[in-house]
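**Student:** Line by line, the protein sequences give chains A and B.
If you read the first sequence in this note's numbering, its first letter stands for residue 767, the second for the next number, and so on.
If you read the second sequence in this note's numbering, its first letter stands for residue 7, the second for the next number, and so on.
Since the hints were made in silico from the structure, they are not lab data.
It cannot be assumed that every hint is accurate.
Here are the simulated DSSO-like pairs of lysine-lysine, each with C-alpha atoms no more than 30 Å apart in a straight line [as the list claims (entries may be wrong)]:
1) B/K134 with A/K902
2) B/K149 with A/K856
3) B/K192 with A/K986
4) A/K852 with B/K109
5) B/K109 with A/K952
6) A/K1081 with A/K852
7) B/K149 with B/K214
8) A/K1081 with B/K125
If the Cβ cut is set under 10 Å, some of the chain B residues that face chain A in the computed set are [as the list claims (entries may be wrong)]:
9) V121
10) L127
11) I190
12) D191
Pulled from the structure, derived: some chain B residues nowhere near chain A, Cβ distances all over 10 Å [as the list claims (entries may be wrong)]:
13) Y82
14) G89
15) K109
16) V133
17) E139
18) T177
19) E184
Given the structure is predicted, the values throughout are model-derived calculations rather than measurements.
Backbone N, C-alpha and C define an ideal beta-carbon position, used for all residues, glycine too.
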Amino acid sequence: MKKVLLLLSLFIVVIMSAKAEITAHIDTGKAAAAPAPAPPDPPLVISGSVDTYWKYDFSGHANIPTSFASDQNSVSIGMIDLGLKKTVGKASFVGELSFGPRGQYQSVPNGDGSAANGNNSFHIQNLYINYNVTDKFSLAAGYMSTFIGYEVISPTGNFNYSTSYLFTSGPFENAGFKATYAFSDKVSLMAGIFNDNWNVYTSARDVSTFGAQLTVTPVKNWTAYLNVATGPTSGTIFDLTTAYQITDAFKLGLNGATFTPAHGGGGYDGIALYPQLAVSKVVTFGLRGEYFETKAIGTTPKSNITAITATANIKTGPLTFIPEVRFDNGKNQIFTDSNGAPTKSASQFLLAAVYAF
Amino acid sequence: MALLQNQLHNFCWPQYTHSKKNIKITMISRSLFRERLYLYIMKRILIIAVCLLFTVSVHAQAPVLALDEHNKYIYYEVVDLPGISADSLNKNSAYFTREEYPKNKSVQISNTSAVIRDKFLTYASFVKHENGEIHYILNIECKDSKYRYWLTDFVFTPYQRDRYGVFVPVTGINIQLENASSKIDKKELAGYLDQTTIFCTQLREKLKKYMAEGEKTKKLEQPPVKKIVTDKW
């Protein structure tokens, strides 16, 4: 018993002194006499998301042709998205892999475009290296999500789960080299040279698409991106993407674009408005109102579609439930009704769950 | 003392009862008595030692995040530094801001005080990535033999992953920490408050060092590499 008590006393003294030492170490973050050390490089950052959904088109079959959420009356998967980022000094890389319909054949190509690699899926959403030459000037090269447009492939980056016609028709990815310079907190410019085609790991012939993005913050909480991508193969797209958090609860987004292919005519114009209202810390309601017009090509006259999507985001920690109802109305009979007959309108309901980490 | 004697008597009484029956038992009982006395004293010493250590640790504790008279979160402390003039403390404070906030353009230094606006990052707990930033204002004021500092105006901006896989601030979302309970999940908010306290405590330790030592505070140098001679052994 004596030994036990002696050991206990010793143990308490050791614990207390060790604790004091550890506390001092944690508090200073470094050894006690190390003010103003160079900040350590951040650790390897892992992030991503998982999403799943159920959709029911009221015609009884899949009808609306925009990207993702395509399966009718099926509990289906979107993708598992896994992103890695590491920064050492001024250099960093991002590698983002995606597995599942949304992250494979619905958004990125298999292989490099050659028939021999048709079955090799690279799964790449982002794969690029960035170098910050100065605080204001950076360079990046690789395969990157496009700088064009309001919506993105990852469901965590969108408010609505279904996507717009503008998103579906525009680029998803651009591989290339770009430089970004921040003139001030309110103005920055990106300019770069990209592969001749959108959404390819490998160029067909050359690196001939010029892309630029002017970012402007006219007032606090309002950011606008003026984008252009033009090339002899990929055609020319002008795009305006902007979002304004007008109050703590109300946000208004807008996307407008016009695209002209390099050859053969056609293309499209479109505009989409995204008002969103947070009614509590858990629930936010949002609308997407879109007008999309295809340009005339040959003997085919121009046509248009109007789509209204009402979406709620119900958040609980990292999980977001997304109930959504959508009504599309075309100028022409581009949809089919429950009997398979052509019709001008289509509507659908979906329920999605997105988990971000 | 009387209480102790009384307790000691109670302690040994059963042993003497036994000793009336058998001498051998009495001898054992006396040794038992000594042992129990020893244990009793040890226990008391242990209790006193623990109480002392607890008192010392309470005294050495850093301040905690509290609410000020305007119901805003504040991390506040007055630190005594006997024998150091207000002028020297101001110089030390200016040195601290130069060294710790070299690129910060918001720093305002006067003859008696310094005001710095800056931010720190918060991190998600599940996987280690930035999930927000908290802006704050640090104030330092000096007088002869003491200084005070406080961090306040904590404003949280959440981060979201952008299309390039990089976490960036959500434009237009700026939440005062004291009003955050209506806008942020309770568990998340507790995490942000914990991280704020840790950040403030780390800053406190740095500031203490600078204010006490001023420009004598040197960056930690790498210890010289020890040379070993292998040809003699």
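**Student:** Determine for every hint whether it applies to the structure shown.
**Tutor:** Against the structure, the hints come out as follows:
1. Pair hint B/K134 plus A/K902 holds up; C-alpha atoms about 26 Å apart against a cutoff of 30 Å.
2. For the hint linking B/K149 to A/K856, the alpha-carbon distance of about 41 Å lies beyond 30 Å, and the restraint is violated.
3. Taking the CA atoms of B/K192 and A/K986, the gap is near 28 Å; set against the 30 Å cutoff, the hint holds.
4. Taking the CA atoms of A/K852 and B/K109, the gap is near 24 Å; set against the 30 Å cutoff, the hint holds.
5. For the proposed pair B/K109 and A/K952, the alpha carbon gap of about 18 Å is at most 30 Å, so the pair holds.
6. The hinted pair formed by A/K1081 and A/K852 meets the criterion: a straight-line CA distance of about 29 Å does not exceed 30 Å.
7. Between the alpha carbons of B/K149 and B/K214 the distance comes to roughly 15 Å, so the proposed pair stays at or under 30 Å and holds.
8. Straight-line distance between C-alpha atoms of A/K1081 and B/K125 comes to about 26 Å, which keeps the hinted pair within the 30 Å bound.
9. A distance limit of 10 Å between C-beta atoms decides the matter here; for B/V121 the minimum to chain A is near 19 Å, and the interface restraint is violated.
10. Checking B/L127 against chain A: minimum C-beta separation of about 9 Å stays under 10 Å; hint holds.
11. Given the 10 Å rule on beta carbons, the hint for B/I190 holds: about 6 Å separates it from the nearest Cβ of chain A.
12. Residue-level restraint check for B/D191 holds (minimum Cβ-Cβ distance to chain A is 6 Å; threshold 10 Å).
13. Here B/Y82 stays apart from chain A, with its beta-carbon at least about 17 Å from theirs, past the 10 Å limit.
14. With a minimum CB-CB distance of about 21 Å to chain A, B/G89 clears the 10 Å threshold, and the non-interface call stands.
15. Separation of B/K109 from chain A is inadequate, the least Cβ-Cβ distance of about 8 Å not exceeding the 10 Å criterion.
16. Here B/V133 does not stay apart from chain A, with its beta-carbon only about 5 Å from theirs, under the 10 Å limit.
17. With a closest Cβ-Cβ approach of about 13 Å to chain A, B/E139 is found to remain outside the 10 Å limit, as its non-interface label requires.
18. Under the 10 Å C-beta cut-off, the non-interface status given to B/T177 relative to chain A is violated; the minimum distance is some 5 Å.
19. With a least CB separation of 15 Å from chain A, B/E184 remains clear of the 10 Å interface cut-off, as annotated.
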